[in-house]
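Peer 1: The listed protein sequences correspond, in order, to chains A and Z.
In terms of our numbering, the first sequence opens at residue 1 and continues consecutively.
In terms of our numbering, the second sequence opens at residue 1 and continues consecutively.
There's no promise every hint is true.
Rough simulated footprint, nothing fancy, chain Z against chain A, three-plus residues with beta-carbon under 8 Å [said to hold, decoys possible]: (1) 6 to 20; (2) 24 to 32; (3) 38 to 45.
To be clear, the hints were calculated from the coordinates, so they are not data collected in a lab.
No residue lacks a Cβ here, since even glycine has one placed at the ideal position from N, Cα and C.
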Amino acid sequence: MNAFDLTEDQQDCLQELINVAMGQASDQLARYLDTFVYLKVPSIEQVKAEHLFDTLNYESDATAIVSQGFFGYEGIRGEALLMYQPKDSHRLADLLGYEADELTFDEQIIDLSSILTTTFLNVFASQIDNQMSYSAPRLLSANIGKVNEHIQQQAFNWDLALKVRISYQVTDYSFNCDMVLLIPEAAITNIKAVLDRILAEF
Amino acid sequence: MSTNVLICDDSNLARKQVLRSLPESLSTDVKLASNGEEALAILSSENIDILFLDLTMPIIDGLGVLAALKEQNKQLPVFVISADVQPEMQSKVLALGAKAFLRKPIQIDVLYEHLKRHGFL
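Pulled out of the complex, with its shape left as it was, chain Z reads as follows (with noise of 0.2 Å):
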């Protein structure tokens, strides 16, 4: 059974470096969204198993999607990649329930450390 993965990032370049980050087990089934209001869509309509979440987006940001699955009780796997490094940034990502916080630009070896240590690999 495939892995439904969302990324959601108002950059394309950065979808396509996420998307051509992730092991071959995660790449088969993935769906991309450029706010948070599109994947709040597509989190209501389709089953996603992993969420890899950009914080700084225009409409609906990062924080604003994972106050909204907080709210929601739903149980999803986030891993936010973010620009916004600030340590405080990381301490509220984490306390609204991300799995993990990783900056950008993207780094294989550390995605690949918390896919593992939460399961995925």
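Pulled out of the complex, with its shape left as it was, chain A reads as follows (with noise of 0.2 Å):
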């Protein structure tokens, strides 16, 4: 176990405030989608920095890559990546169903990765009594080696992510996406510090 682990109360502890931010992430994708989202047990996973591509497992084009950064007080920060699936971004384009004078689909997908980033970190945050900032959503490269450049880019070394793995299933159609956090070092130890805290009031 290094440093960067979580304890196994520290994992349940975490998953707990990462389903009551999936579950208002959801409300508001139900919202935006006007349908019905079942919502299963998210996976989190940590993935050190240098095995994060390996366990992605996605084809080099055609996925749909938002890449948004985040920070908070406390030196809790990171990029938030939302990952959808070659086979799911058409199933999204049919489901987002624009008019040819509305957004274009990149700009529908950057909406929609928006509202579930910040929905589910602003909740995530008011739990931990944080309050998060952001930067502009980013559509990236479908091309997996500009992904890795982009990440390569960031301010800040990332050690670990923490990979969230989200199913949404709605009414009429379904699809996957992932949800990665990367997460610098000092952010992790800060991380680990208050859920500590919280789990200290039990």
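Please assemble the complex out of the two chains, which come individually in their own frames, going by the hints.
Peer 2: The following block contains the structure:
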């Protein structure tokens, strides 16, 4: 076990904070899409920097990836990536269905991702008495090499990624998306301290 | 006579949050379950007076528990405590017989209000 690993209690605590955040993000998604979203238990996994892309197992093209930075108090910060699988990109296009004079698919998927990311992280932050600011969301090139380049260009050296696999099943369509939170070393330590503070209350 | 309480949630922290929020009159005899299957097993072998139930759980989820209780025609007050706050989900659980829907994280005043409304306080 290294300094970044979570204890069983910390993992359970983080899972519950994420569940609550995900529940409200799903509610926003349901309102945005005007449908019902079936929520599954999210899986949370810590991934070392060097292994991230091995675990994502994405094809190198047609994957929509939206990136957005987040910054909170107490040095809690990172980069959130919302990653959509190639087959789901087409489903999303159908699901988001827009008129010719409305937003492009790229703009819509940025909007959708921003809603999911900011709702999720705002609720997460409020539970730990924190508050987040965000950079503008960016749709990255579908090329995985470009994504890697983007990640390497972050202002911080991240050591561990918290991969939260969220499966959204919508009434008429289904799609999966991974939310990957890239978190630098100092922020991991801060998050662990916050989790310990919450656990100490019980 | 004490009230037998069952708290079903896959999160240890969430179970503790509910337990800590309960009024003294409901916290003397509390059983815990970490998924719907465990909850149904406890419900079939013990006399439980009130169930606090999460929805998003592995094996059998909260909706599955409510459906099973309805099928068994079991008259048990169920208070759903969930992060899945979509209005349609709230309607679903109430249609399946839940007494109330409470959003996570649980707020003590809201819990007490519902308990009072249903005669547990």
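Peer 1: Do three or more residues of the region 24 to 32 of chain A come closer than 8 Å to chain Z, measuring C-beta to C-beta?
Peer 2: Holds, because 4 residues of the region 24 to 32 of chain A bring their Cβ atoms closer than 8 Å to Cβ atoms of chain Z.
Peer 1: Counting residues of the region 38 to 45 of chain A that have a beta-carbon nearer than 8 Å to any beta-carbon of chain Z, does the count reach 3?
Peer 2: holds (count 3)
Peer 1: Is the coverage entry for the region 6 to 20 of chain A by chain Z consistent with the three-residue Cβ rule at 8 Å?
Peer 2: holds (count 7)
The structure is consistent with each of the numbered hints, conforming to all of them.
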